[in-house]
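Number of protein chains: 2
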Amino acid sequence: MSETRPAPLAGLKVIEISAFVAAPLGAMTLAQLGADVIRIDPIGGNIDANRWPISDDGTSIYWASLNKGKRSVTLDLKSDEGKKIATDLIAEAGTLVTNLPARGWLSYENLSQHREDLVMLRLNGSHDGKPAVDYTVNAASGFPIITGDDERPVNNAIPAWDVAAGLYISNGIIAAELERRSSGKGQEISLALSDVMLATVGNLGYIAEVQTTGKTRGPLGNGLYGAYGQSFATSDGREIMVAVISNKHWRGLGKATGLSEKLEMIGPMMDVDLSTEGGRFEAREAIDAVVRPWFAAHTVDEAAAALADAGVLQGEFQTFEELVNNDPWCSLENPLFGEIDQPGVGRVMAPRAPLSFGGSPAGAAVSAPTLGGDTDEVLRTMQTGE
Amino acid sequence: MSETRPAPLAGLKVIEISAFVAAPLGAMTLAQLGADVIRIDPIGGNIDANRWPISDDGTSIYWASLNKGKRSVTLDLKSDEGKKIATDLIAEAGTLVTNLPARGWLSYENLSQHREDLVMLRLNGSHDGKPAVDYTVNAASGFPIITGDDERPVNNAIPAWDVAAGLYISNGIIAAELERRSSGKGQEISLALSDVMLATVGNLGYIAEVQTTGKTRGPLGNGLYGAYGQSFATSDGREIMVAVISNKHWRGLGKATGLSEKLEMIGPMMDVDLSTEGGRFEAREAIDAVVRPWFAAHTVDEAAAALADAGVLQGEFQTFEELVNNDPWCSLENPLFGEIDQPGVGRVMAPRAPLSFGGSPAGAAVSAPTLGGDTDEVLRTMQTGE
Chain A
8 MSETRPAPLA
18 GLKVIEISAF
28 VAAPLGAMTL
38 AQLGADVIRI
48 DPIGGNIDAN
58 RWPISDDGTS
68 IYWASLNKGK
78 RSVTLDLKSD
88 EGKKIATDLI
98 AEAGTLVTNL
108 PARGWLSYEN
118 LSQHREDLVM
128 LRLNGSHDGK
138 PAVDYTVNAA
148 SGFPIITGDD
158 ERPVNNAIPA
168 WDVAAGLYIS
178 NGIIAAELER
188 RSSGKGQEIS
198 LALSDVMLAT
208 VGNLGYIAEV
218 QTTGKTRGPL
228 GNGLYGAYGQ
238 SFATSDGREI
248 MVAVISNKHW
258 RGLGKATGLS
268 EKLEMIGPMM
278 DVDLSTEGGR
288 FEAREAIDAV
298 VRPWFAAHTV
308 DEAAAALADA
318 GVLQGEFQTF
328 EELVNNDPWC
338 SLENPLFGEI
348 DQPGVGRVMA
358 PRAPLSFGGS
368 PAGAAVSAPT
378 LGGDTDEVLR
388 TMQTGE
Chain B
8 MSETRPAPLA
18 GLKVIEISAF
28 VAAPLGAMTL
38 AQLGADVIRI
48 DPIGGNIDAN
58 RWPISDDGTS
68 IYWASLNKGK
78 RSVTLDLKSD
88 EGKKIATDLI
98 AEAGTLVTNL
108 PARGWLSYEN
118 LSQHREDLVM
128 LRLNGSHDGK
138 PAVDYTVNAA
148 SGFPIITGDD
158 ERPVNNAIPA
168 WDVAAGLYIS
178 NGIIAAELER
188 RSSGKGQEIS
198 LALSDVMLAT
208 VGNLGYIAEV
218 QTTGKTRGPL
228 GNGLYGAYGQ
238 SFATSDGREI
248 MVAVISNKHW
258 RGLGKATGLS
268 EKLEMIGPMM
278 DVDLSTEGGR
288 FEAREAIDAV
298 VRPWFAAHTV
308 DEAAAALADA
318 GVLQGEFQTF
328 EELVNNDPWC
338 SLENPLFGEI
348 DQPGVGRVMA
358 PRAPLSFGGS
368 PAGAAVSAPT
378 LGGDTDEVLR
388 TMQTGE
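Protein chains in written order, with the numbering used here: chain A, 8 to 393; chain B, 8 to 393.
Hints listed in this document are in silico derivations from the structure and should not be mistaken for laboratory results.
A pair counts as met if it fits within one copy or between any two copies, since identical chains are not told apart.
The calculated lysine-lysine pairs, modelled on DSBU-like cross-linking and capped at a C-alpha distance of 30 Å, are:
no., residue 1, residue 2
1, Lys262, Lys137
2, Lys85, Lys262
3, Lys255, Lys91
4, Lys192, Lys20
5, Lys255, Lys137
Kindly generate the complete structure, drawing on both the sequences and the hints.
Structural data, given as structure tokens:
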């Protein structure tokens with residue numbers, strides 16, 4: 008049990024030709040799990056090369072953060088010579104991730120003539136050809152309407168569809184690699200960002216809910232749907248999120264606040280069964296009213312400590328600055344992080360993959376390449392191989 | 008190329024003992040890609056068995072939506088007999104996904120004595136033992152502070168961390184299966200929900216940004232960071248999201264609105280280079296001011312058509328009801344969906360996995376089991392095998 012084996016994806020070679028969040032995140036996840044990933048960009052960089060945030064010298068922190076652990080090759084992809092080199096690199100690697108239109112030289116039909124067992128995943132905006140990005144897919148999803156206090160649409164700040172699409176991409180590539188090792192055959196995989204949204208909306212029950220009940224959930228502010236949860240302002244000007252899911256949490260809320268007896272009165276008053284999640288959801292406004300003054304009379308630390316002691320789930324809202332500068336979760340104490348020297352950016356903390364493999368560890372956090380920084384080495388190795 | 012091969016994960020057998028979104032979604036993703044997944048619950052169901060939304064007869068639409076394509080076995084997991092049967096099922100399958108504390112009989116040490124090459128993935132709230140769920144992890148992430156128009160925290164309505172964790176779980180299991188087929192060895196994998204959040208915050212550049220520049224992005228309403236995008240009210244009381252990322256999009260915005268000349272005036276007026284994403288971001292308020300009246304004078308359909316013709320990314324905000332009832336993306340025209348009969352819920356549309364495999368198709372949408380509905384069959388097959 009104690010010997011260390013190579014990372015789970017050791018031996019897998021992947022070419023990526025893409026930009027923005029989803030496809031780069033998918034290929035980076037493969038690299039973090041041990042694959043050898045080469046990202047090919049046009050000379051001067053793809054459309055995301057200079058994307059904000061940028062460092063003081065203009066280096067894209069965005070690009071560096073989404074391309075950790077890859078090698079970077081730049082080619083003139085409009086020239087026949089550049090297309091030929093890219094084709095050779097794809098044929099040598101055997102696996103391709105792209106969000107470009109897979110036409111002409113980049114079609115599966117053409118590339119698989121150069122590598123018979125090619126695995127190629129193509130990310131599209133939608134299944135029907137309508138252009139789509141995270142922001143427009145999100146508008147269609149229904150979620151912005153129920154975010155916040157009213158039905159005015161509010162976008163999430165998390166690019167949730169791009170993140171999910173990236174993780175579907177790595178799932179698809181690893182699954183196809185598993186299949187290839189048994190069948191000896193490759194295949195083309197397609198994924199649409201809009202389908203990632205639609206599948207998630209369905210997996211979370213929203214589609215069946217509308218189809219069978221004719222209605223859905225409205226905006227709940229910071230409240231939880233179908234259970235009890237709320238955010239509360241504390242006496243020191245902070246705000247805390249409280250989640251009450253199990254009956255143990257519910258008893259804990261009464262215990263932490265000393266308000267058990269008053270909370271018990273809500274059941275008969277509202278005609279609900281407070282021993283169920285649904286009953287507590289129905290009585291949420293009354294629960295809010297009973298406990299809110301307790302939060303207003305305590306600091307966030309006092310409230311967090313009392314709730315934690317009583318086994319209630321809680322978390323203080325914080326800014327990115329507070330997360331990075333003050334939270335032990337986001338520090339080198341957490342084995343998720345390592346310190347790296349990122350060219351053009353500086354010495355920063357970077358995460359590895361959040362998955363920890365006990366038998367075949369996937370490696371520590373590493374930096375991203377500079378744009379095109381591996382071109383000479385990759386092309387030299389390739390020519391040697393011919 | 009034309010013969011159809013088994014689904015990518017055909018032959019993989021997985022036991023799941025879990026609840027809520029992340030771990031059930033991870034195991035459901037494995038099932039959707041072809042694995043044989045058995046979810047084991049306590050008799051009467053786990054804590055998520057009755058979670059809202061519920062159908063008119065009280066069946067959990069939530070549970071049904073997150074357990075499609077699995078088999079369901081219920082056991083008395085507090086009894087020695089129940090633990091023994093679960094142990095035998097885990098040993099037979101060889102792969103386990105759980106979000107329970109992996110102690111006692113459920114520890115890797117114990118279970119691997121019954122199946123030497125066991126792959127077991129355990130989802131935790133945090134790496135350091137602090138209890139955490141999507142809502143509390145989200146509060147810590149920094150995102151609620153920059154969601155909406157001001158720094159008052161606004162929760163996302165999407166359980167983004169649970170969804171990402173579910174997709175990391177399936178990545179972890181498939182990667183370990185790939186490794187096991189080559190090494191012959193199993194391993195324990197751990198994943199913390201808080202680390203999924205922290206890794207994502209890092210991958211999107213927020214950590215390096217704070218560390219190197221000392222600051223970060225503030226709330227932008229529905230605007231885009233580092234590029235130009237905004238939502239606009241239209242003359243028919245609707246709202247549309249517009250995203251301008253490339254220079255082609257930028258020229259298209261001027262063309263669609265007929266305001267190119269006025270938009271050009273913004274560059275010298277604001278001293279920015281409007282041919283860059285960053286320049287357009289810096290000039291966003293002036294751009295908003297110039298184009299907003301055009302949106303107010305057009306219906307959402309007129310605006311969408313003009314923008315689409317000019318190659319600008321756009322999408323109308325809609326409710327879940329509108330998505331499900333009116334949007335062709337969310338209909339049986341989209342091959343993502345199939346119609347299923349879900350016991351206790353009714354005839355509804357359900358998604359398959361959004362990944363389409365050309366050579367080894369992963370199968371159509373299927374329904375979820377009823378709680379415990381496969382217990383007899385699974386136990387009978389197991390006893391026969393002994």
